[in-house]
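Here are the chains, one letter per residue:
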Amino acid sequence: MKYHSSILLFGLLFIAAPSQAADDSLISGKLMDYIGLGAVAFLLLLVVTALFVLLRTIKLFTRAILRSEGVTEEEIELKLDPPKATPKPKGDVWIKLMSLRPLSEEKDMIMEHEYDGIQELDNPTPAWFMYLFYGTIIFGIGYLLNYHVFHTGQLQYQEYQTEVKQADIAKQAFLSKSANRVDENNVKLVSDPAVLASGKAIFIQTCAPCHGEHAQGVVGPNLTDDYWLHGNKIADLFKTIKYGVAAKGMPTWEKQLSPKQIADVSNYVKSLHDTHPAGAKEPQGTKETDDKLASK
Amino acid sequence: MQPEKFYYDNKIVRDFGIATVLWGIIGMTVGLIAAIQLYHPGANMHNQYTTFGRIRPLHTNAVIFAFVGNAIFMGVYYSLQRLLKARMFSDVLSKIHFWGWQLIIVSAVITLPLGLTTSHEYAELEWPIDIAITIIWVVFGFNMFGTIFKRRERHLYVAIWFYIATFVTIAVLHIVNSFELPVSAFKSYMVYAGVQDALVQWWYGHNAVAFFLTTPYLGMMYYFLPKMANRPVYSYKLSILHFWALIFIYIWAGPHHLLYTTLPGWAQSLGVAFSIMLIAPSWGGMINGLLTLRGAWDKVRDDVILKFMVVALTAYGMATFEGPMLSLKQINSIAHFSDWIIAHVHVGALGWNGFLTFAVLYWLIPRIYKTELFSKKLASFHFWIGTLGIIFYAVPMYWAGFTQSLMLKEFTPEGMLKYPNFLETTLQILPMHVMRSVGGAMYLLGVIVMAYNLLRTAKQGSLVANEAAQAMPLEPVHTIARESAWHRRLERKPIQLMVAALFVILIGTFIELMPTLTISSNIPTIASVKPYSSLELQGRDLYIREGCSNCHSQTVRPFRSETERYGEYSKAGEFVYDHPFLWGSKRTGPDLARIGGKYGNAWHYNHLMDPRLMSPGSIMPEYSWLLTQNLDTTTTRAKIHAMRTLGVPYPVGYENQANADLDEQAKAIAADLAKDHIKVKSNKEVIAIIAYLQRMGMDIKANKTTK
Numbered sequence: 000m001k002y003h004s005s006i007l008l009f010g011l012l013f014i015a016a017p018s019q020a021a022d023d024s025l026i027s028g029k030l031m032d033y034i035g036l037g038a039v040a041f042l043l044l045l046v047v048t049a050l051f052v053l054l055r056t057i058k059l060f061t062r063a064i065l066r067s068e069g070v071t072e073e074e075i076e077l078k079l080d081p082p083k084a085t086p087k088p089k090g091d092v093w094i095k096l097m098s099l100r101p102l103s104e105e106k107d108m109i110m111e112h113e114y115d116g117i118q119e120l121d122n123p124t125p126a127w128f129m130y131l132f133y134g135t136i137i138f139g140i141g142y143l144l145n146y147h148v149f150h151t152g153q154l155q156y157q158e159y160q161t162e163v164k165q166a167d168i169a170k171q172a173f174l175s176k177s178a179n180r181v182d183e184n185n186v187k188l189v190s191d192p193a194v195l196a197s198g199k200a201i202f203i204q205t206c207a208p209c210h211g212e213h214a215q216g217v218v219g220p221n222l223t224d225d226y227w228l229h230g231n232k233i234a235d236l237f238k239t240i241k242y243g244v245a246a247k248g249m250p251t252w253e254k255q256l257s258p259k260q261i262a263d264v265s266n267y268v269k270s271l272h273d274t275h276p277a278g279a280k281e282p283q284g285t286k287e288t289d290d291k292l293a294s295k
Numbered sequence: 000m001q002p003e004k005f006y007y008d009n010k011i012v013r014d015f016g017i018a019t020v021l022w023g024i025i026g027m028t029v030g031l032i033a034a035i036q037l038y039h040p041g042a043n044m045h046n047q048y049t050t051f052g053r054i055r056p057l058h059t060n061a062v063i064f065a066f067v068g069n070a071i072f073m074g075v076y077y078s079l080q081r082l083l084k085a086r087m088f089s090d091v092l093s094k095i096h097f098w099g100w101q102l103i104i105v106s107a108v109i110t111l112p113l114g115l116t117t118s119h120e121y122a123e124l125e126w127p128i129d130i131a132i133t134i135i136w137v138v139f140g141f142n143m144f145g146t147i148f149k150r151r152e153r154h155l156y157v158a159i160w161f162y163i164a165t166f167v168t169i170a171v172l173h174i175v176n177s178f179e180l181p182v183s184a185f186k187s188y189m190v191y192a193g194v195q196d197a198l199v200q201w202w203y204g205h206n207a208v209a210f211f212l213t214t215p216y217l218g219m220m221y222y223f224l225p226k227m228a229n230r231p232v233y234s235y236k237l238s239i240l241h242f243w244a245l246i247f248i249y250i251w252a253g254p255h256h257l258l259y260t261t262l263p264g265w266a267q268s269l270g271v272a273f274s275i276m277l278i279a280p281s282w283g284g285m286i287n288g289l290l291t292l293r294g295a296w297d298k299v300r301d302d303v304i305l306k307f308m309v310v311a312l313t314a315y316g317m318a319t320f321e322g323p324m325l326s327l328k329q330i331n332s333i334a335h336f337s338d339w340i341i342a343h344v345h346v347g348a349l350g351w352n353g354f355l356t357f358a359v360l361y362w363l364i365p366r367i368y369k370t371e372l373f374s375k376k377l378a379s380f381h382f383w384i385g386t387l388g389i390i391f392y393a394v395p396m397y398w399a400g401f402t403q404s405l406m407l408k409e410f411t412p413e414g415m416l417k418y419p420n421f422l423e424t425t426l427q428i429l430p431m432h433v434m435r436s437v438g439g440a441m442y443l444l445g446v447i448v449m450a451y452n453l454l455r456t457a458k459q460g461s462l463v464a465n466e467a468a469q470a471m472p473l474e475p476v477h478t479i480a481r482e483s484a485w486h487r488r489l490e491r492k493p494i495q496l497m498v499a500a501l502f503v504i505l506i507g508t509f510i511e512l513m514p515t516l517t518i519s520s521n522i523p524t525i526a527s528v529k530p531y532s533s534l535e536l537q538g539r540d541l542y543i544r545e546g547c548s549n550c551h552s553q554t555v556r557p558f559r560s561e562t563e564r565y566g567e568y569s570k571a572g573e574f575v576y577d578h579p580f581l582w583g584s585k586r587t588g589p590d591l592a593r594i595g596g597k598y599g600n601a602w603h604y605n606h607l608m609d610p611r612l613m614s615p616g617s618i619m620p621e622y623s624w625l626l627t628q629n630l631d632t633t634t635t636r637a638k639i640h641a642m643r644t645l646g647v648p649y650p651v652g653y654e655n656q657a658n659a660d661l662d663e664q665a666k667a668i669a670a671d672l673a674k675d676h677i678k679v680k681s682n683k684e685v686i687a688i689i690a691y692l693q694r695m696g697m698d699i700k701a702n703k704t705t706k
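So the protein lines, in turn, are chains B and X.
Letter 160 of the first sequence, counting from 1, is numbered 159 in numbering that gives the first Met the number 0, and no numbers are missing.
Letter 694 of the second sequence, counting from 1, is numbered 693 in numbering that gives the first Met the number 0, and no numbers are missing.
Calculated from the structure, these hints are not laboratory results.
On a predicted model such as this, the values are computed, not experimentally measured, just so you know.
Positions of the beta carbon are idealized from the N, C-alpha and C atoms, including for glycine.
A few of these clues could be false.
Said to hold, decoys possible - Computed list of lysine-lysine pairs in DSSO-like fashion (alpha-carbon distance at most 30 Å, straight line): (1) 254/B / 199/B; (2) 164/B / 417/X; (3) 417/X / 176/B; (4) 241/B / 458/X.
To be verified - Partial pick of chain X residues on the chain B-facing surface, computed with a CB cut under 7 Å: (5) 82; (6) 156; (7) 240; (8) 557; (9) 599.
Pulled out of the complex, with its shape left as it was, chain X reads as follows (with noise of 0.2 Å):
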């Protein structure tokens, strides 16, 4: 037989890496604006396109799937063709899934600053992206599986599997996650509600973290790490147990997010037991990593890209074990809702995600221009900004959340709250809050200062855009002997091992939300709880749009610092019509699902107009915009008209009268308002906002006095 020849194609990676590069920067200023605000809450322009509640939903998405998803089909459409020896499988379909890719990062840039969004947390984006997602996901897997039918290796490498794996959940997780009914061309209401639809979102919300910011990065970096050490990889044996292990384990913690919620207690104890035993698993990729460099240390002092790796193992392995410890839930009840989380969340995205990607761009780019790195110094200079920069970020992130966290659990001798203004535990921590943003600009530096060395790497070589290479083409399969181990058996069969995968991850998912989603016995209903009248669901719109759930959580926790503040705890039969559900998952501010009653309306007005006039010192933006806009009545039809296919008991034909009550009830609260001199026509925007907010809790206090 003759090696046949072939060409890989590098202009793909390339541009992949271009984009990684612009997202990248692009994502990380939005954080930094969206930080910033959190302590000079004027520094949202005094527009609403640019305030924290809609650009931090950018922020995440941009450095999640525009910075962190480019890198990845940057790692993968490199590794996977030499690991194959093949070509990608179509060139047409590495263009249009590129080019698709880029447009539904661009359209998640138009849409979430006009407030388009679904308000589940990394799943923002509106049913038609959601649509383009979905078939862009199919290309990529087309065109990997393609090129994969058509390889010249006999055995996949853990790489693969790890690719593989991600493919498949990750469609999963996405169908699952979206399956919404759509009112308008970019509004729907998730199927799902309340407890049903927060067991749904945690469950895709943490799994896109395994899948989309661990598995393919674990995979990228069996592949680059032993190409730039130039080692062999240290166990194939810890490779096997712990892809399957991190697999299977990963998929059951979801519920870690809810502890304290009223998810059912066995669901919640559930995700706490597997998200301990995902630790060893997790640590089977940092191990194998680190050990792989044995005999190789020599050089990580030499050579800046391995100490991008170093670093990037390092932090994967404090975030997974931290992880399993915040789930704990004596812990947990001191990190949630905190800035602990955040923390521990820029820990794996800074480090772990960040800084391989930087060592994989650092690696690359000479390679496929055929040329040198254009600074040694600059790259030198990247990471220790950029080390730095992790360090002043997240320990300042730590302060804070402890601090936080214990003033708002402290009481007095009398059994009172010690800080029973939760501003006062805000404007506490605003010092660290600086801080982090420092550290934050520092990382970007670092980021920005690659993209110039890159750019002259770029300028000083030329591209290679095909790149020759020869294999010798697979035997045929009935020539070659049966092998002895099952795993390597495996390894052959593409098409078994993505089934084996997906099984893997089937079985979690059905035993967690299966019984929480079918059976109605675990949600309890409550007599008193009454669908939302057509104006406090106009207003809930709002409250979605503007994104209040980044700062305010709906659900109040059983701990008797939060009955105090707050009200009684949150019961599941309160969220049955919540579609979607509001929990949120950070209280920047204090949780409002007791807010009903709680002050005037006039105190509302006020306080949506400037809340320093209502609470000096507050970080909370100006909705000065509510207050001059119309709300859009045209679409109560259609929203009442979707809720009641979603379940939600309107009497048939109310939607005729939707409108009528909406108004009646916006000028009863608009002459409520005129008593205190505050002129405001019953149709703006701020009216439906005020009727939602003083709706929220209401029904379980309602039920308290009937009793």
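Here chain B stands alone, though its shape is the one from the complex (with noise of 0.2 Å):
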């Protein structure tokens, strides 16, 4: 019995190998997550019901072992299931802060009235119960005192330029020791994979949907052809990146993407130039000549 739950315990690990070596196979990340998660409440479960399992056998063992003893029957009973203690009555400290009376006085306060057969006692309210009304009325005047009389607390306006303010002191602090400080002013064009590989990354994720995958042009423009609205200089891509065009539809980004990553992008974006991939739109904007070469 005992090893059953290894065993299945293996088999579970079994099954699950194969899928875990065909990482690139049709099963997705999530799907693989939600087996993984299936296989885990299947073992708890498992686990929980050899336990019981267990218990019961032991019972049996006991049994058996205590009769071949020559143990009787009631003797066996009596120390497999012990008569449940009487519970203890419970304590004064609990009677006294519940303010109950012993239930025995009950008698004594049933109300002369009855509705249906429903009769009421005449119990006090719990005294608890008051201080915790009390306690509550107390802090409800406190907090309108302190918000709106005394002004200690901060309304939400006032909690906003705190929270903001601190966060900048934060900002400044972070940025002036990180080499995360690039801008439209001093953002370089380079060739460097590493930085092109994060660029590819970012573009998948936040630009494909508009300018397609391979930069073709969807809703937004084709990335690829000498045609360009807002300049190529990779300056200008920074910028459009940066702040958007509102009236072309496209975001602002400064607040989703660091200025690292935009100045990755953006040499993504550079790189892609006469890739020609399929299904490219039309050009839009004017003719632009590559300053590639004229950075390098």
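Take the two lone chains and join them into the complex the hints point to.
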């Protein structure tokens, strides 16, 4: 019995192993997650079941052993299922805390009226309940005083200003130390593969829905040809991505991408020039000369 | 004096019971379908009538007003007769009430999938149905008070105080929140706009929870629990205290749904302070219930009905503690708009309302059929699968709520949002949404098993339609001695009791609503905010029809994580022409208050056609029908006229020119789309909705450029 769950565990691992090996198979990562979660849940259930079975087995064995030792049936029953101790009456502390009176006094507290057989007791409202009530009233008054009379607490707009101020300080402190200080004035054209790989990842995630997976242009323009609406210099691209072009439906990415990320994706787009992807959108904007050589 | 013989009407109780179970199953099934769409958008069956934005209101309306509503009437009609020792005032009124209520629900089932909605949460039904609800509610009140007047019991039991408070408060809430100006047979505009509309809506929304899901159920608890456990109610004094405290304080708490919005700060703070004060009065009901079981806990072990009651009371206690905590602004800033709130309401709805309803059904059906419950085993199965269902539902939703909220707030050291793409956070929590639908399915399975069990119970017994009873008639008032306790005296006077309850709930109502509704200085105007163009207005109504606000908010809160993500925080003056407001209460998708100009028209066109084209992995449904359906421009005139009546400054006579302007703007958008090789006629609905989306937040941006 004991080995059952471990055998099953191995069995499960065995089943799971091929799917792990075939990482690039048709099964998506998400589905794998679900399968994994399901397996874990199943396993837990199995362990619980095994425990129950184990418990029963032990009882059965004990019974058999005791019987072989010549113990009578009644004694066995007594050993395996000892009678539950009569519950202790709840202590005075509990009764006091709840301001309860002993049940034996109840008949003196029954009120004279009854409704369809329902009687009511003349118990006082529990003391702790009254303290809770008064406590919350004091809290409520204190809350109003705090925010509206003494102004010790900040209301929402003040709170907001404080939050933004603190964040600005923290941000400046961080940026002054980091290399993440690129903007449209100092962005450089590079062909470092690491930069392009990072740029590609961002492009697929954020730009592809409008510009197409190969930048061939869908809702947004084709980014691989010679024609540009807002300039083709690396600084132009950086600016267009950072601030967007509201009139043309290009969103502002300043809040969603870090300066480094904007630089990476700008460089990636530059690297796509003249790739002639399939299904390229017709040219939009003015013809620009490539600045690749110039900057190199 | 001789005891009088009379008969309790059990048939009406049975009818409401059947309706409870049937609508419960329907409402929960719709909920399950909606839940599945949140990870598998194709579950809308590619059909506009079954898409999330339209069936989410159907789910909430069905479970609140059909399932819980019928359960309330079942419980009230059963207990009221017995507590007053009288048959219901009029069988005809009972029947009108029953069938009227079912008709209202049926009309909701028809109109909500059609997209006929006011967009006010839990009050989505359009104006003709609002009137029907008012009439039927009055019928119910008339029938209840008629019964009270012919009672054979001098004093009113605590359950009836709760019923009276429910009746009078729901009437006030429903009427005030239904102030709308009809435009056509099934279209109206809310009289209030923007912040004011939001305040009224959440004053209503919060107190619908208080006076539809809480007070009638507390009343039922006070009748059925002592009966089930055969124990006296723990404390009469506690009943008095928590009843008055509860109805007085609850009404103030609505603004906690609008923290960090443009609602004036003092109103927000009042809402928070009163929410905290609500803990003890809410718990009063739970304590009185649980202590009533004192000395009967041995029964709870064996009796599945008491088990249901204990879980119901515990869920009530948890939800009413969690609620005040959620109202604290520090916690609210994380929880609001997230799945945390969904978890919170479902602990209350599935635990408190659901389980208490099941307990009452299991107790009452065998009694009116003079038989035993068909199967205790099945009832026990229902209890366990239901409890597990609640846990499987709530835990993943809490988890999802924390996860998504914290992701949305996270910044990198560079001071950028760590997850600038909202969709990333959505994809993260999809497994939790799968789990949640499993929990919901378990709960629903339990209800179906209950339906079978009750059906078999009814089949093995026979309905005692008119149950004989007898009681002494009331002695004339002048013969009884004046009572010294003031509350005992009040319990003899139903009208005074109702007036007192009305007075108590109106105090909070007036103090909170009146200043914001009447003093215009609370809403600073912004010069650049202009009324919507006729095309945008039509687009906005499509946005309402499709229920976009079920998943997208339109209010940017003053948090750095939101102003970075969406743009500057919302101002009250931006919403002055928004009849109704569309702030929403849940962000399944991103906020749209600043969506205008963020993307091109072509992006929106493709995104509405198939969201996954532009945002791979998105769980937004496809709105392909917007591309093919023609915009109904015959309503433009009436809409412009109605808006002007409500104070929107369209020039006099603009109605005549509105459709020409509409055409012009639509043609411009179609021409712009044509540049991107999208061929679409300018009279399609998609053009109008794009126009609206591109307008949102533009006025405040215009303000910036002119400065």
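Problem - chain B contact restraint for residue 240/X - C-beta distance below 7 Å - result: Cβ of residue 240/X sits 6 Å from chain B, so the hint holds.
Handout entry: Interface hint compliance - residue 82/X to chain B, C-beta minimum distance less than 7 Å
Key = holds (5 Å)
Problem - Restraint check for residue 241/B with residue 458/X, where alpha carbons must lie at most 30 Å apart - result: Violated, at about 72 Å.
Practice task
With chain B as the partner, please determine if residue 156/X meets the hint condition of a C-beta pair closer than 7 Å.
Solution key: With a minimum Cβ separation of about 4 Å from chain B (threshold 7 Å), the hint on residue 156/X holds.
Problem - Status of the residue 557/X interface restraint (C-beta, 7 Å, chain B) - result: holds (4 Å)
Practice task
Mind checking the alpha carbons of residue 164/B and residue 417/X for me, to see if they're no more than 30 Å apart?
Solution key: holds (19 Å)
Handout entry: Satisfaction of the residue 599/X interface hint, Cβ to chain B closer than 7 Å
Key = This interface hint holds because 2 Å falls under the 7 Å limit.
Practice task
For the pair supplied as a hint, residue 254/B and residue 199/B, confirm whether the alpha-carbon distance does not exceed 30 Å.
Solution key: It holds: about 19 Å lies between the C-alpha atoms, which stays within 30 Å.
Practice task
Sort out whether residue 176/B lies within 30 Å of residue 417/X, counting only the CA atoms.
Solution key: Measuring from Cα to Cα gives roughly 19 Å; hence the hint holds.
The structure shown violates just one earlier hint, number 4.
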